[in-house]
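J.: Chains as they are written, first to last, in numbering that gives the first Met the number 0: chain A, 0 to 625; chain B, 0 to 233.
Hints in this document: simulated from the structure, not taken from any laboratory.
Quantities reported herein were computed from a predicted structural model and do not represent experimental measurements.
Backbone N, C-alpha and C define an ideal beta-carbon position, used for all residues, glycine too.
Just so you know, not all the hints are guaranteed correct.
Heads up, incomplete: computed chain B residues facing chain A, CB under 8 Å, no partners named [what the hints assert, rightly or not]:
1) N60
2) L136
3) C216
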Amino acid sequence: MAAGVAAWLPFARAAAIGWMPVAGAPMPVPPKEKNRGQEGLIMLNVSGTKFQTWRDTLERYPDTLLGSTERDFFFHEDSNEYFFDRDPDIFRHILNFYRTGKLHYPRQECISAYDEELAFFGIIPEIIGDCCYEDYKDRRRENQERIQDDEEMDQTNDLVSADMSFRETMWRAFENPHTSTMALVFYYVTGFFIAVSVLANVVETVPCGTLPNRVKEVSCGDRYALAFFCLDTACVMIFTVEYLLRLLAAPSRYKFVKSVMSIIDVVAIMPYYIGLVMTDNEDVSGAFVTLRVFRVFRIFKFSRHSAGLRILGYTLKSCASELGFLLFSLTMAIIIFATVMFYAEKGSSASKFTSIPAAFWYTIVTMTTLGYGDMVPKTIMGKIFGSICSLSGVLVIALPVPVIVSNFSRIYHQSQRAEKRRAQKKTRLARILAVKSGGANAYLQYKQSRLLIELDEEEAGQALVCKTNPNFEEHHHHLLHCLEKTTNHEFVDEKTYEASCRDVTLVKQVSRSSSISSSSSPHGFTSCCARRKRKTFNVPNSNMSVGLHGSIQELSTIQIRERPLTNSRSSLNAKFEETVPLNCDQPYITAAVISMPTPPGTTPEGDDSSSSTNYSQANIVRVSAL
Amino acid sequence: MGAVVGTLTMQTKQRRPSRDKADDDLEMTMVCHRPEGLDQLEAQTNFSKRELQVLYRGFKNECPSGVVNEETFKQIYSQFFPHGGKERLCVYGSVVFLPPVLTNASTYAHFLFNAFDSAHTGSIKFEDFVTALSILLRGSVTEKLQWTFNLYDINRDGYINKEEMTDIVRAIYDMMGKYTYPVLKTDAPKQHVDAFFQKMDKNRDGVVTLDEFILSCQEDENIMRSLQLFENVI
Numbered sequence: 000m001a002a003g004v005a006a007w008l009p010f011a012r013a014a015a016i017g018w019m020p021v022a023g024a025p026m027p028v029p030p031k032e033k034n035r036g037q038e039g040l041i042m043l044n045v046s047g048t049k050f051q052t053w054r055d056t057l058e059r060y061p062d063t064l065l066g067s068t069e070r071d072f073f074f075h076e077d078s079n080e081y082f083f084d085r086d087p088d089i090f091r092h093i094l095n096f097y098r099t100g101k102l103h104y105p106r107q108e109c110i111s112a113y114d115e116e117l118a119f120f121g122i123i124p125e126i127i128g129d130c131c132y133e134d135y136k137d138r139r140r141e142n143q144e145r146i147q148d149d150e151e152m153d154q155t156n157d158l159v160s161a162d163m164s165f166r167e168t169m170w171r172a173f174e175n176p177h178t179s180t181m182a183l184v185f186y187y188v189t190g191f192f193i194a195v196s197v198l199a200n201v202v203e204t205v206p207c208g209t210l211p212n213r214v215k216e217v218s219c220g221d222r223y224a225l226a227f228f229c230l231d232t233a234c235v236m237i238f239t240v241e242y243l244l245r246l247l248a249a250p251s252r253y254k255f256v257k258s259v260m261s262i263i264d265v266v267a268i269m270p271y272y273i274g275l276v277m278t279d280n281e282d283v284s285g286a287f288v289t290l291r292v293f294r295v296f297r298i299f300k301f302s303r304h305s306a307g308l309r310i311l312g313y314t315l316k317s318c319a320s321e322l323g324f325l326l327f328s329l330t331m332a333i334i335i336f337a338t339v340m341f342y343a344e345k346g347s348s349a350s351k352f353t354s355i356p357a358a359f360w361y362t363i364v365t366m367t368t369l370g371y372g373d374m375v376p377k378t379i380m381g382k383i384f385g386s387i388c389s390l391s392g393v394l395v396i397a398l399p400v401p402v403i404v405s406n407f408s409r410i411y412h413q414s415q416r417a418e419k420r421r422a423q424k425k426t427r428l429a430r431i432l433a434v435k436s437g438g439a440n441a442y443l444q445y446k447q448s449r450l451l452i453e454l455d456e457e458e459a460g461q462a463l464v465c466k467t468n469p470n471f472e473e474h475h476h477h478l479l480h481c482l483e484k485t486t487n488h489e490f491v492d493e494k495t496y497e498a499s500c501r502d503v504t505l506v507k508q509v510s511r512s513s514s515i516s517s518s519s520s521p522h523g524f525t526s527c528c529a530r531r532k533r534k535t536f537n538v539p540n541s542n543m544s545v546g547l548h549g550s551i552q553e554l555s556t557i558q559i560r561e562r563p564l565t566n567s568r569s570s571l572n573a574k575f576e577e578t579v580p581l582n583c584d585q586p587y588i589t590a591a592v593i594s595m596p597t598p599p600g601t602t603p604e605g606d607d608s609s610s611s612t613n614y615s616q617a618n619i620v621r622v623s624a625l
Numbered sequence: 000m001g002a003v004v005g006t007l008t009m010q011t012k013q014r015r016p017s018r019d020k021a022d023d024d025l026e027m028t029m030v031c032h033r034p035e036g037l038d039q040l041e042a043q044t045n046f047s048k049r050e051l052q053v054l055y056r057g058f059k060n061e062c063p064s065g066v067v068n069e070e071t072f073k074q075i076y077s078q079f080f081p082h083g084g085k086e087r088l089c090v091y092g093s094v095v096f097l098p099p100v101l102t103n104a105s106t107y108a109h110f111l112f113n114a115f116d117s118a119h120t121g122s123i124k125f126e127d128f129v130t131a132l133s134i135l136l137r138g139s140v141t142e143k144l145q146w147t148f149n150l151y152d153i154n155r156d157g158y159i160n161k162e163e164m165t166d167i168v169r170a171i172y173d174m175m176g177k178y179t180y181p182v183l184k185t186d187a188p189k190q191h192v193d194a195f196f197q198k199m200d201k202n203r204d205g206v207v208t209l210d211e212f213i214l215s216c217q218e219d220e221n222i223m224r225s226l227q228l229f230e231n232v233i
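For reference, chain A alone in the conformation it holds in the complex (with noise of 0.2 Å):
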């Protein structure tokens, strides 16, 4: 029942005494009046912008967030008014709901945005009116689009991980040519070897001069004929191995084998086996020449290097039924031109138009508007019709196009937009890190200040720098040092964490020499590593400085020098090194660090390792020890 007709419900009411006298029966009992002492306005502050409305039109609608009880956990005492949080602009439609019954979709707003508002308020996007419902389910299909391919992404490139067996490494490389070097090479070679097969089919049937003692031209192919045996069977063999090797890889080989890949692959190579195989045998040999032929679909391997050969037969297979649909009106046109212009030069002598099939020939050249001229009607009867003919050809043909190209175009661009998504995501993500990572060092600088304190009381003060909004982050971080307290581990750097990974075999090498010198040796940091009542994995710590080649000796300057207080997020690398412990002074470690769940492949921009950090702790860089 629409909202609005609530308020005719007293009316409606009223209106059912005709029935009254009419019943034979007593009426039930009305139900109670609540008490409705609560008329009148309400008043809804979204962040700031204020709205207000009748307390009737809210309850409307039980079931939402605004028309159930549930609005009064969002009521404030103090201004005595409900104060949401919110967008303003999105509200405004989400009220105009309820005050009009129809729920329309802004254009402008994102639809992520819009959704989120109405699942906070309680409404269901069904009830969008059919104004904007088809286009809200546009965007919203978009959308959705847009967040697979996102993911998809992302699938492909988490494959990474080091426990992935030969196999899997294998077939990635085949998919992927640009996650390794040999996969690329791989790639290239095999796309030059096509190329170099298509060419040496085309050049081997030109004519390449005259034998010493023939008179009639040969063609290259057979003048050289074992040359281009050679190559041929050099190509074969390469095409071969290829296809074994990707049979071989293949995670699931019947679909493999079923795929369009796979089978232009195998029409590929078949004739060159084919050939071998029935050599010399006369009847078979037409046979054998018509095989050659489809040597011409190793062009269609080209395929795998070219996306844009894939989008374009995409959109033919998915223009399939515009397709039928101009080959039937073709096939229709035709026959009745071919028909029409058989009887109208049946009267001409010496006319070519021998037969119907025949006028076909002509039809078609003339539909197409090529006119070869081979055959041409002489009587004025014929005249007419094939000028009517090649008009209306042209028509035909021109209106099933614009809807491929239209197909065409989507596709493309859709795959455009993947490829350009796939560009920005590295930066994003490695801007994204950088933000982040902020956060995490956050945390270990807290732990810094937090040993600090149970080190050195007079330091305890200068050490915890006032930060913005102390309390959250204080209770946050000791949050997450509960963690690390329950399951007995630490949080480390994503690059330790990668380095430990990397270099497991020479972290066992390094001698646990205890040199504290700060000046450093590279090595000079794994030692100490007598962790304060803590275990921690022996790997990342003690590898910390091995993975950090390039940066150590910026380590033992920064261990020295105080560093400049800024505001700015460090990149990960910084982060890294000013929670590494630097001075080799105290027997304990803080050397913790927070390791991220990204994805391993991008590193963060920030190679700048010596830039700012977001503290100023020279205390820290004093007395933090290895």
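Given chain A, put chain B in place with the hints provided.
T.: For chain B alone, coordinates are given in the frame of chain A:
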């Protein structure tokens, strides 16, 4: 040449009637009626200012132009009885689909409309609306019964005969819709009307006058009680 002129004139001829109709529609929507002042209405009816405000807000929301015509009235009333509609789907040899009838609360709504529109202008203004509601909700028993009698007396001749009553009762049953328990028999309205006349028609002359009606209703406890049901509706 003549053909060209002919087609041109034909087009203009066709356009004119439709333009007139569009103009008519425009005029209809531009009609805007404002009710008399709040004080006057308060004096004329038994409602308080606040109640009138609430009523007017609901009224104006549904009918921004200030008047309700019969179509809108029927639509509004039908929304309270969603199952009253019957979709006729005749299959006699060939399949003929008739458009689904708007819930048949429309028949009763039609009678209601006529009862509200006491001046027979074809549209209900806010004053009519409020006057009728005032009687129905805040009026005396006699006034209510009188109003109900007017509702039943479709042709306004002062008597309710069997045909009129059958129409009314059938309209009420139509509001129930198809899915009832027990299943609605076709002669249920007729039986109901017969029972009604048995009770109301004192002198057995086949028609019910206003006095007979009021007298009979006052004798019936159930009816008296049910008249008080909707008093505190606002």
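J.: Could you run down the list of hints and mark each one as holding or not?
T.: Each hint tested on the structure:
1. N60: 5 Å, holds
2. L136: 5 Å, holds
3. C216: Because about 6 Å separates C216 (chain B) from the closest Cβ in chain A, which is inside the 8 Å limit, the hint holds.
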